[in-house]
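Once you have looked at the hints, place chains B, C and D with the ligands on chain A.
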Amino acid sequence: MPEEPEFVQLLTPEGERVEHPSFAFDGDDEMIASMYRDLVLTRRIDTEATALQRQGELGIWASLLGQEAAQIGSARALRPQDFAFPTYREHGVAWCKGIDPVALLSLFRGVDQGSWNPLETNFGLYTIVIGAQTLHATGYAMGVQRDGAVGTGDDDRDTAVVAYFGDGATSQGDVNEAFIWASVFNAPVVFFCQNNQWAISEPIDRQTRIPLYQRASGFGFPGLRVDGNDVLACHAVTKAATQRAREGSGPTLIEAFTYRMGAHTTSDDPTRYRLSGDLERWKLKDPLARVHAYLTRHAGLAEDFFADIEAESDVLAHRIREGCVAMADPHVLGIFDKVYAEQTEELAAQQAGYAAYLDTFETQTGAHA
Amino acid sequence: MPEEPEFVQLLTPEGERVEHPSFAFDGDDEMIASMYRDLVLTRRIDTEATALQRQGELGIWASLLGQEAAQIGSARALRPQDFAFPTYREHGVAWCKGIDPVALLSLFRGVDQGSWNPLETNFGLYTIVIGAQTLHATGYAMGVQRDGAVGTGDDDRDTAVVAYFGDGATSQGDVNEAFIWASVFNAPVVFFCQNNQWAISEPIDRQTRIPLYQRASGFGFPGLRVDGNDVLACHAVTKAATQRAREGSGPTLIEAFTYRMGAHTTSDDPTRYRLSGDLERWKLKDPLARVHAYLTRHAGLAEDFFADIEAESDVLAHRIREGCVAMADPHVLGIFDKVYAEQTEELAAQQAGYAAYLDTFETQTGAHA
Amino acid sequence: MSTITLAKALNDGLRASMEGDAKVVVMGEDVGKLGGVFRVTDGLQKDFGEDRVIDTPLSESGIVGTAVGLAMRDYRPVCEIQFDGFVYPAYDQIVSQVAKLHFRSGGRLPMPIVIRIPFGGGIGAVEHHSESPEAQFAHTAGLKVVACSNAADAYWMIQQAIACDDPVVFLEPKRRYWEKANLDREAAPAPLLSSKVVRDGTDVTVLAYGPMVKTCLESAIAAAEGGTSIEVIDLRTLSPLDLEPVYASVRRTGRVVVVHEAVVNLGIGAEVAARITEQCFYALEAPVLRVGGFDTPYPPSRIEEEYLPDLDRVLDAVDRSLAY
Amino acid sequence: MSTITLAKALNDGLRASMEGDAKVVVMGEDVGKLGGVFRVTDGLQKDFGEDRVIDTPLSESGIVGTAVGLAMRDYRPVCEIQFDGFVYPAYDQIVSQVAKLHFRSGGRLPMPIVIRIPFGGGIGAVEHHSESPEAQFAHTAGLKVVACSNAADAYWMIQQAIACDDPVVFLEPKRRYWEKANLDREAAPAPLLSSKVVRDGTDVTVLAYGPMVKTCLESAIAAAEGGTSIEVIDLRTLSPLDLEPVYASVRRTGRVVVVHEAVVNLGIGAEVAARITEQCFYALEAPVLRVGGFDTPYPPSRIEEEYLPDLDRVLDAVDRSLAY
Ligand SMILES: Cc1ncc(C[n+]2csc(CCOP(=O)(O)OP(=O)(O)O)c2C)c(N)n1
Ligand SMILES: Cc1ncc(C[n+]2csc(CCOP(=O)(O)OP(=O)(O)O)c2C)c(N)n1
Ligand SMILES: [Mg+2]
Ligand SMILES: [Mg+2]
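Protein chains in written order, with my numbering: chain A, 40 to 408; chain B, 40 to 408; chain C, 102 to 425; chain D, 102 to 425.
Isolated chain A, as found in the complex (with noise of 0.2 angstroms):
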C-alpha cells in the first residue's frame, strides 16, 4: 500500500476546525451540538444493542462502533426525499432517517428480515448480500431521473440516492457494475463506502493496493476520501455530492477513512487476526471524543448539556430494551402471507395444510400454540 493520501478533515481528533479548500461545514454550533447528540445516541444504541446479544436476546449483532461520524455527518447531510440503501450496519443513518431503533433489532433478533417501510421512511432494507444493494441504489437513481427530480432546481423535488457499503464490498462484480451504470446514465447516486479497514478478518490490502477513493477515477466520476471519524467532514463531502447528484451532474464516491472499533460482529473474535496496537492508535481519534473536545472548548457549551444527553441517552436505551425483549415472535403461518403480493393457491393450500398439521398438536398438547 503507498503512502496514505490526504483526506478531507474538518475537526481534528483534539477538536481544532481546521480549513479545507474545497469543503467547509455550513452549519452553527448548535448545529454540532444536535449531530453531537446523534453520535452519542448512536453509539448508545450500538452499546445496549450488543448488550441484547449477549444476554441472548439477539441472535447477533453488527456494531458501528468507531464508524458514528461517517455514518451521522453523512446522513445528516441528506434531505427527506433523498433514498439510503445501507448495509447491515448503518445504524446511525437509520436514526437519521427517522427508523425506530428498536425496528432495527427485529432483523437481528430473528422476528422479521426488515419492520420499516422502505418506501416511507426512504430508507432500504439491511441488506446482507455484499453490495447488492448498489445496484438497487443505481435503479432507484435512474427512476429518479425518469420522474423528472433531478436538476429541476426545486430543492424539494430533487432527489439523490446513497448507496451505504464497506471496503470488502468493493470487490463485488455488483459494486462494480453498479458504478459504470451510475456513470453511463449520469445517475444521482452517491456511493458512500465506510474504509473501516476490514472486511471480517481481512485488512484492505486483500481489496485493493491502492486507496479506495481512486477507484471511481476509473469509471469517470470524482471519488474523494474524507475523514471518517469527522463528523463535520463526512457532512460537508456528502453534501456537496448529493448537491451534486441533484444537480444533474451525476455520481461520486466518497470513501470514508474509519476504522471498525468492535468485532466484525457478535459472533467475531477479532483476536484471532489483528493486533491490538491499531485499536489503541485508533481510539485516539474517536469520532465522538474531538466533538465533545469542541463542544466544550469553542461552543461554550457545560455539563449540563452532556448529561442531558446522557440522561436521554439512558432513557433510549431503556426503551430499546424493553422493545426488544417485548418483540413477540411471529406466527409461523404468517410466513406464508408474505411471499407474493399476489398469494398463489397453492401456497395458500400450503399454509392450510400446515395450520391443519399444527392443530393436531394444539388440540394434543397445546406445543405449537
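Any given hint could be a false lead.
[Claimed, not checked] Within a straight-line C-alpha distance of at most 30 angstroms, the following computed DSS-like cross-link-like pairs (lysine-lysine) qualify:
(1) B:K322 / C:K134
(2) A:K322 / D:K134
(3) C:K281 / C:K147
(4) D:K134 / D:K124
[As the list claims (entries may be wrong)] Covered stretches of chain C, as calculated for chain D (at least 3 residues, CB under 8 angstroms):
(5) 143-157
(6) 184-190
(7) 195-204
(8) 229-237
In case anyone wonders, no lab produced these hints; they're calculated from the structure.
Only a predicted model underlies this, so the values are computations on that prediction, with no experimental measurement involved.
All C-beta atoms, glycine included, are put in the ideal place defined by N, C-alpha and C.
Chains B, C and D with the ligands in isolation, oriented as in the chain A frame:
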C-alpha cells in the same frame, strides 16, 4: 465522451513509421513482413469462414475484420509458454498460437465446443459468456506465480497470461473482479481489450463515459491505449506489458482502439444501428493496408512477395474449405463420455439406454445411423 | 383475428402494456435500435423513447439489480436477458433480491419485475444459447415462472405478467419465435397462472410447456393415426403449477408422460411426477414417465435434434407407458 | 479411533489432502488467519503458507473463476463459500464454466475443483445464512454434488472430493459442525458417490442427507418405541444419485419418505420420488411422501424450528405413508 486521448502509434495509416517516447517496435523489416503475412492469412481465414457460413457450412461466424492488427500484433509478442485466454473472435491470436484454422471452425459449425487442447497450445477455449475468461486468466496467472514462473529472469520459464475481451465485456462484474484479483495478487496477467467501438448494436458510450484504458487506474495498475489498427504498436505495447508481467511487476490493461468493420456475427445486421460513414472513415485506417504501404515503400518488398502470400492464402482458404466440409458430425452417444473425467454409473446407464433406443431405429430404418 | 408470429405477438403485447402504463420500462442489451436479437422489442424505442426502452451496459446482474431499484421507485421493469445461458450472472440478484424482497420487507415492497428469457434449443446455435434454466427458478420461492408456447398466449401472457405485482420469469420458446398463430385480440385470455388442455384424448396424458407443446401436439396427431388417443396439456405456469386439470386428466387416462427440453434430472417433470403420483396414486396405471435432456450439457448444434425430445421419443414414452 | 467434531474432521481431512498433494490449495474469504467463520480451515494457513491457503477478495465469482484458471494450471483448488446464500454471485462461473469445461473441451480440461458450502438452517442466523441450494447444482450436468452428515463421513468425503478429477459441490451441514462422532482413520471409507443404510428397518424407508440424517435417525428411534420400524438411508451423493440401495429397501418396505430442508417443490425429493416410482412402481404401497421446506423463503430464525422438518413432521409423514 470527452475528446479522445492520444494512443500509442508506431505506423501511421499511410504506412509511415513514427516514434513514441515510451514504446518502440523492436523487430526488423523481415519480422514486419512476416507479421504482414499473418495479417493477410488471418483475414483470409475470416473471409473464407464468412463465406462458409453464407453457404450453410457454419451455423454462425464472428468476424475479426478490422481487428487483425490488434490480434496479430499482441499475439506475436507472446512467448510459447505464455497463455492466452480468448473470446470468440480471436482468430488471429489463435493463428499465432498455432491453432489450425480448421479447428477454429468446429465450434461455429456445431460439431463440438472447442477442438484444440488448451493445455498443449497455451490457448484457452473460445469463451462466449462475456468476461468469464478474464477470471480464468487471472487464476491461471496465480498458478504461474505459485509455480515460481515469474521474475526468475529465465526467459523460457517466466510466463505471462493474456486475457482478451471486448469493450462490452468491461461492464461485466467478472472483468472488474479480475482486475481486482490481478491487482491484489500482482498476478502476471495482461488485460487486452479490443475496443472495436461496438457491443453488438450498442456503441461504446453504453459501457463507459471515459476512455476504457483509464479503468485500470481505478484498480491500481497501468492502462494504456494503443492504435489497434497498428500492428507494430500493438506488438510493442504487448511485449512491454507481458515483459512486465513476467518480471513480477503485475498486470497491465491495454486498450486496443479499433473498429469492428463487419457485422457482430453473421447473424447480425448492423445497418439497423450504425451509419455507414463511420465504416468509411475506418476503412482509411485499415490495419493491412498500412503495412502493405510500408513494406512497399520502405522495406523494398516487391510484388512477388505479396503474390506469394496471396498464393499461400489461396491454398489456406482451400484447405479450410475442404477441412470444414469434411468435418463429420459427432455421434450423439459420444456426448455421454465427455461430461466427467470419471464417468458416473448413472450416465453410463443413460448412454446405454439411449444406445438401445437408437438401435430400435437402426434395425427398423437405419434413420439415426 | 389476425395471424401473427410469436415474436411479433410479444412485441404487440409489450407495446400494449407500455401504452397502458407509463411506468412500464423495457431494459436489456440491444433492445433499442436493434430491437433485440430476436426483434421482440422492435420499434419500441423509436416510439417510447430512450428513457423507457433502455439499452443497458453489458451486465446482467446490473440489468436485474437496477430493475429492483426501479421497481422500488414504482416502475415496472421488463428485463430482457438476451439468451438463456446469460441469465446466470444475474442469478444472485434474481434469487436473493427479486424473489425475496417482498417477503423480506414483510410485504411492503412489491417487485413487479418481468424477466424475459428466450429459452431452449433447436435453432442451431453455439453453446450457452440453448439452455433450459426454468427448474432453477421454479425451485425459488418468491418467483412466478411461466412459459408461453404460441403466439396467442404470448400476446396475453406478457401483458398479464407485466400487470402482475410479483416478479415473473417469463420464458419464451425461441425456436418458435417465427411460428404463426391466430390471435383474437378481443377474446378474453385465460388467467396467467393456469394450465390448459390443448388437445383432448383418452389414453395417455402428455404434459409439456414452451417449445415442446408443438412437438407433443404433433406426437398426438401421429399417435392418433396409430389409434392411440393422447391428451396434451400445456402447463403454461411452472411456478406455481396448476395441476388440477392434470389430475382430472390423469384420473381418466391413468397414464402420464411429461416432456421438456431441460435435463430430466430435477427438471419440472420430477416435480410434476411426484405430485401426480401423490394425488392420483390409485388412478395411475403406470409410473409417470419423463422425456427430456440427458445429464449432459447441451450438445453441439449438429446433434441437437438427436438430443432434444422429438416426436419419436415422446411416442416411445407413450408406448412404454401403455405397456404397463 | 477418536471422537471428533464434524468441523474438525473436515479440518483434518483438508490437512491430509494438502499434505498428500502439494497442488491442493484452499481459497476463500477469511480462510486464513481466522480459519474460516466456522474454523474449518483453522491453522492451515499457518502450516501451509499464504500461497496455499488464500484469503481472497470479497468476490465469490472471483473465487470460483480464478479456481478454474488454477485448475488449468494443474492445481486442485478447494473453494470455501462462506455461507450457502453467498454462492449465487458465483453461480455463472459454476454452471457455465466449472460444470461445462470438461465437456466443452472434449474431455481435455479436467476441473478438479471442490466448492465447499456450509448449508442449511437451524443455527439461529439472519437471512441468507440458512439456504439449501443443492437441487440447483444437482440439476446441473457436469457437477458432482455430495453432502456429508457426520464427522466420519466428512473426514473421508472431503479427501475423496479433492481427489476426484471432476468438480464437486461439497455440502456441509452447518448445524452439525459441532457434533461429535467416532472417527477410525484406519477404516476403509465407502466410495464417495454411494448412499448408505444408516439404520435398518422394515416398515418404511426414510431418505435424508446432510443435517436431516440425524433428525431422521431420531425419528426412527422414536418410531421404534411406537412399534414402527424405519429404515434410514443417508443419500450422501445427490448427483449422481445412488439409488440401488434405496430401491432394494423400498422393495422390502413399500413405503418411502424423503426429507430435506430445501423447498419441497423441485427439491431432491422430487427427483428421488419420481425415480423410485418409476423403478419400484408395483412395490409401492403408498406414494413417496416428501417432507421439506414450504414454498417460502427461509423464515426469520425465531420460527425456523417450526419451518424446518423435525421429528414430528417426519413421523407425521411416516404415519401418512402407513395409512395408505
Ligand atoms: C456475497 C456475500 N459474501 C460473503 C458474505 C459474508 N460477509 C458478511 S460481512 C462480510 C465482510 C464485509 O466487509 P465490508 O464490506 O468491509 O463491510 P464491513 O462489515 O466491514 O462493514 C462478509 C465476507 C456476505 N454477507 N455476502
Ligand atoms: C454474459 C453474456 N451476456 C450476453 C451475451 C450476448 N453477447 C454476445 S457478444 C455480445 C457483445 C460483446 O461485445 P464486446 O465485449 O464489445 O465484444 P465484441 O463482440 O465487440 O468483440 C453480447 C451482448 C453473452 N455472450 N454473454
Ligand atoms: Mg469493512
Ligand atoms: Mg466490442
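Straight-line alpha-carbon gap K322 of chain A to K134 of chain D, limit 30 angstroms: holds, 24 angstroms
Mind checking, does the stretch 195-204 of chain C have 3 or more residues with a CB under 8 angstroms from chain D? holds (count 5)
Is K134 of chain D within 30 angstroms of K124 of chain D, Cα to Cα? holds, 21 angstroms
Count the residues of the stretch 229-237 of chain C with a beta-carbon closer than 8 angstroms to any beta-carbon of chain D: does the count reach three? Satisfied; 3 residues make the cut.
For K322 of chain B and K134 of chain C, compute the direct alpha-carbon distance and say whether it is at most 30 angstroms. holds, 24 angstroms
Satisfaction of hint between K147 of chain C and K281 of chain C, Cα-Cα up to 30 angstroms: holds, 25 angstroms
Per-stretch coverage check for the stretch 143-157 of chain C, three Cβ contacts closer than 8 angstroms to chain D: With 0 residues close enough to chain D, the hint is violated.
Three-residue Cβ test at 8 angstroms for the coverage of the stretch 184-190 of chain C by chain D: holds (count 3)
Checked against the numbered hints given earlier, this structure breaks only hint 5.
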